[in-house]
Amino acid sequence: MKRLAILFIIVIALSSCTTLQAPTTLSQVKSGLNCIQYKEGMIWNQISQVMGPPDIAPIPEPSTDLSKNTRIYRDKIIIFYIEMREVKEEGKVRFQEVVTNIEFCKKK
Amino acid sequence: MLNLDDFIKKAEGKLRVYKDFRLQADKNITEKLTLCIPDMHLLERGPNDDFLDGKSEYEERFLGLLDFLLSLRQEEGEGLEIIQLGDMFDLWQAKWNTNMIVATYPNIIGLLDHMITVYVVGNHDIDLVRWYKDKGETFGRRWRHYSKAEGRLRAMYEHGFQADFANNQDSLLGAIGREVTRIVGMMEYIHPDIDVILGSTWDSIVRAFNKYNVFTPVRDPQGFNSHEYLRFYIDLLEKYNRGDTLDQFGPDEVDLSLAVIGHTHVARLVKMPKNGRIYYLMDCGSWVNGGHEIGAISGKELAIFQWG
Numbered sequence: 001m002k003r004l005a006i007l008f009i010i011v012i013a014l015s016s017c018t019t020l021q022a023p024t025t026l027s028q029v030k031s032g033l034n035c036i037q038y039k040e041g042m043i044w045n046q047i048s049q050v051m052g053p054p055d056i057a058p059i060p061e062p063s064t065d066l067s068k069n070t071r072i073y074r075d076k077i078i079i080f081y082i083e084m085r086e087v088k089e090e091g092k093v094r095f096q097e098v099v100t101n102i103e104f105c106k107k108k
Numbered sequence: 109m110l111n112l113d114d115f116i117k118k119a120e121g122k123l124r125v126y127k128d129f130r131l132q133a134d135k136n137i138t139e140k141l142t143l144c145i146p147d148m149h150l151l152e153r154g155p156n157d158d159f160l161d162g163k164s165e166y167e168e169r170f171l172g173l174l175d176f177l178l179s180l181r182q183e184e185g186e187g188l189e190i191i192q193l194g195d196m197f198d199l200w201q202a203k204w205n206t207n208m209i210v211a212t213y214p215n216i217i218g219l220l221d222h223m224i225t226v227y228v229v230g231n232h233d234i235d236l237v238r239w240y241k242d243k244g245e246t247f248g249r250r251w252r253h254y255s256k257a258e259g260r261l262r263a264m265y266e267h268g269f270q271a272d273f274a275n276n277q278d279s280l281l282g283a284i285g286r287e288v289t290r291i292v293g294m295m296e297y298i299h300p301d302i303d304v305i306l307g308s309t310w311d312s313i314v315r316a317f318n319k320y321n322v323f324t325p326v327r328d329p330q331g332f333n334s335h336e337y338l339r340f341y342i343d344l345l346e347k348y349n350r351g352d353t354l355d356q357f358g359p360d361e362v363d364l365s366l367a368v369i370g371h372t373h374v375a376r377l378v379k380m381p382k383n384g385r386i387y388y389l390m391d392c393g394s395w396v397n398g399g400h401e402i403g404a405i406s407g408k409e410l411a412i413f414q415w416g
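These protein sequence lines map, in sequence, to chains R and G. With the first letter of the first sequence counted as 1, position 40 gets the number 40 in the numbering used here; the numbers rise by one all the way through. Here the numbering used here runs 108 ahead of the position in the second sequence, where the first position is 1.
Careful: at least some of the hints might be erroneous.
Just a sample of chain R residues kept apart from chain G, beta carbon distances all over 12 Å, derived [stated by the list, open to error]:
hint, residue
1, Gln28
2, Tyr38
3, Gly41
4, Gly91
Computed list of lysine-lysine pairs in DSS-like fashion (alpha-carbon distance at most 27 Å, straight line) [what the hints assert, rightly or not]:
hint, chain 1, residue 1, chain 2, residue 2
5, G, Lys203, R, Lys106
6, G, Lys140, G, Lys347
7, R, Lys76, G, Lys203
8, G, Lys122, G, Lys140
9, G, Lys203, R, Lys68
10, G, Lys408, G, Lys379
11, R, Lys76, R, Lys106
12, G, Lys118, G, Lys256
13, R, Lys68, R, Lys106
14, G, Lys163, G, Lys122
15, G, Lys382, G, Lys347
16, G, Lys203, R, Lys107
17, R, Lys108, R, Lys76
18, G, Lys408, G, Lys347
19, R, Lys68, G, Lys243
20, G, Lys408, G, Lys117
21, G, Lys241, R, Lys68
22, G, Lys140, G, Lys118
23, G, Lys203, R, Lys108
24, G, Lys256, G, Lys135
25, R, Lys39, R, Lys106
The set of hints was computed from the structure by calculation and includes no laboratory data. Predicted model, so just to flag it, every value in this text is computed and none were measured. From the three backbone atoms N, C-alpha and C, an ideal C-beta is built for every residue, glycine too.
Sequences and hints are given; from them, build the entire structure.
Structure representation (structure tokens):
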């Protein structure tokens, strides 16, 4: 019984350790990635040079012209840069996280 | 309306009459300078992109033409009509659809749109009118276009696949033709000019059969045909002139003399008298595999030019 209890504690302890993640910095994550920052109006070629050709290029939607397109990547990494912004809710000061920057990344 | 001599002058040496394809029709065909850009077959570059044909200067050459046409549009305004005769995109061989072709050639597609080009659909880009058939979306493509002079229709513009039994997209043979093209397109990854070689071989076979008049000995006893689609188009123009069509035009509105097409990639300008009238067929050539032709019509003047 005693042995079984020790084994049970070891299993629980080991499985807990595996779920813990070592702290990772943004620069450590980005060291294995090629990233590009999104800005409205940026040239498509800048994106495709970093991300490569898209995985899906759907046909244009009706009621648009052929120059309005969408391009889809699967299994890519997106980095959101987040900041706290002060807002007023019913006259009270509150805070919300907002996105200030987006980077699209591909593994090197 | 700018006449063809002034049009040539404005191009400052970039335009020359292709072979001797210039003639005067017996009546006015247009009231605007009308320029026709034939098959372009734009693709996502790569070895099967016949527009580029492995030579980046071909894109520059075409952009040179478009820059010239844009300046002409600014000078002539409504007095200029630009028609793209279909097969602008090669959707039979594209990896996706128009999407990544637009990414490859944004200047060309942007300039053509900016100049308010009339787009006719070809067999290689017929999907544009099929994708959203139920919703009536054609992305500005039309089956056929007309021009008027003296209040009546005088010229008809269409791609030309309608006259080609092996490429008519409403027939089984046309569907087979599309699959053959796909296979040849894949073979271009092995040998980029395989399409040209096979095309020339096929043309030689057809020419030999035509020469000995195998197909139509009763109808063409003279055994010579200056253009393989001439009879098809004369029949079509006559049908229109009789009012014998499902279109909205009555015989009073129609007096067609000219059909303008692309599709064959071989520029020709031919005329043929029939039933007391003279009919004309202008085949504008192509912008693939080194062909750089445009068709031009101004009043009675008809010509095919080469650019560059």
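### Query
Which numbered hints turn out to be false for this structure?
none
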